[in-house]
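Colleague: Sequence:
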Amino acid sequence: MKSRELEEKVRRLPGVEGVRVVVEGDDVTEVHVLATNGKPAKQVVRDVQSLAQAAFGTAIDRRVVSVVQLPEADLAGGDRPMIEDVAERIDGSRMTATVTLAWHGEQIVGEAEGAASANTRLRLVAEATLDALRRALKEATAFDIVSVDVPTLGGRPIAIAQVVMVADGIERLMVGSALSGVESPRSVVRAVLDALNRHIPELRR
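Residue numbers (the numbering used here): 1 to 205.
There may be inaccurate statements among the hints.
[Said to hold, decoys possible] Here are the computed lysine-lysine pairs in the DSBU-like style, where the Cα-Cα straight-line distance is at most 35 Å:
hint : residue 1 : residue 2
1    : LYS138    : LYS9
2    : LYS2      : LYS42
3    : LYS42     : LYS9
4    : LYS42     : LYS138
5    : LYS2      : LYS39
6    : LYS39     : LYS9
[Unchecked claim] Estimated spans, in silico, between C-beta atoms of each pair:
hint : residue 1 : residue 2 : range
7    : ARG20     : SER147    : 36 to 44 Å
8    : HIS199    : ASP91     : 45 to 53 Å
9    : HIS104    : LYS2      : 34 to 42 Å
10   : LEU179    : SER50     : 17 to 25 Å
11   : GLU7      : ASP91     : 42 to 50 Å
12   : GLY18     : GLN53     : 20 to 28 Å
13   : THR96     : GLU24     : 50 to 58 Å
14   : ALA118    : LYS138    : 15 to 23 Å
15   : ILE90     : VAL64     : 23 to 31 Å
16   : ILE200    : LEU70     : 26 to 34 Å
17   : LYS2      : SER66     : 17 to 25 Å
Honestly, the hints are just simulated from the structure, not real lab data.
All values reported here derive from a predicted model rather than from experimental measurement.
In this text, a Cβ means the ideal position worked out from N, Cα and C, and glycines have one as well.
Given the sequences, and given the hints that come with them, work out the whole structure.
Modeller: This is the structure:
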């Protein structure tokens, strides 16, 4: 197992914003995690241990895992877009989803239109989020929504978005997630941003 392989897996855990893994020989000697404060630090450590065991068959001593937690607002600031508004407008059989993001003191607005159906509602919100981002990122980079869903995991609804990004001839499939609730459209926006946030700063125009 290489340190980069484990880092890529750990970054997909809900609430994890950054990670650094140090591997010496066959042993993981250090794991440093930056996360939001949405769950106890001990649970983050257990998640890292369980992931390493399930994905690589590697046991990690909890004592080598350090977790730093900051409020989500602090982590999302600076070079990451923030949600300002999510609106849905229905006109007969058509629906328009509008997503407004705030970034570097400016508003970027995206829209997506389609059938006014329960089956397409969340996908339109996800596509509107990408439309907003396209207005602020390099034109040479292409994005698209592969899938979006809100399954129930551990008794709680979680929005999950799969986004494909093609830049410089390289295709990447990324997954983002966000705890959901009554405001599922906003959670879909957060899931899309979660999938792309680590790449957004380097792609800004």
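Colleague: Take the hints in turn and mark each one as holding or not.
Modeller: Taking the hints in turn, this is what the structure says about them:
no., hint, in the structure
1, LYS138 - LYS9, "27 Å, holds"
2, LYS2 - LYS42, "24 Å, holds"
3, LYS42 - LYS9, "18 Å, holds"
4, LYS42 - LYS138, "39 Å, violated"
5, LYS2 - LYS39, "27 Å, holds"
6, LYS39 - LYS9, "18 Å, holds"
7, ARG20 - SER147: 36 to 44 Å, "30 Å, violated"
8, HIS199 - ASP91: 45 to 53 Å, "34 Å, violated"
9, HIS104 - LYS2: 34 to 42 Å, "35 Å, holds"
10, LEU179 - SER50: 17 to 25 Å, "19 Å, holds"
11, GLU7 - ASP91: 42 to 50 Å, "46 Å, holds"
12, GLY18 - GLN53: 20 to 28 Å, "22 Å, holds"
13, THR96 - GLU24: 50 to 58 Å, "54 Å, holds"
14, ALA118 - LYS138: 15 to 23 Å, "35 Å, violated"
15, ILE90 - VAL64: 23 to 31 Å, "53 Å, violated"
16, ILE200 - LEU70: 26 to 34 Å, "18 Å, violated"
17, LYS2 - SER66: 17 to 25 Å, "20 Å, holds"
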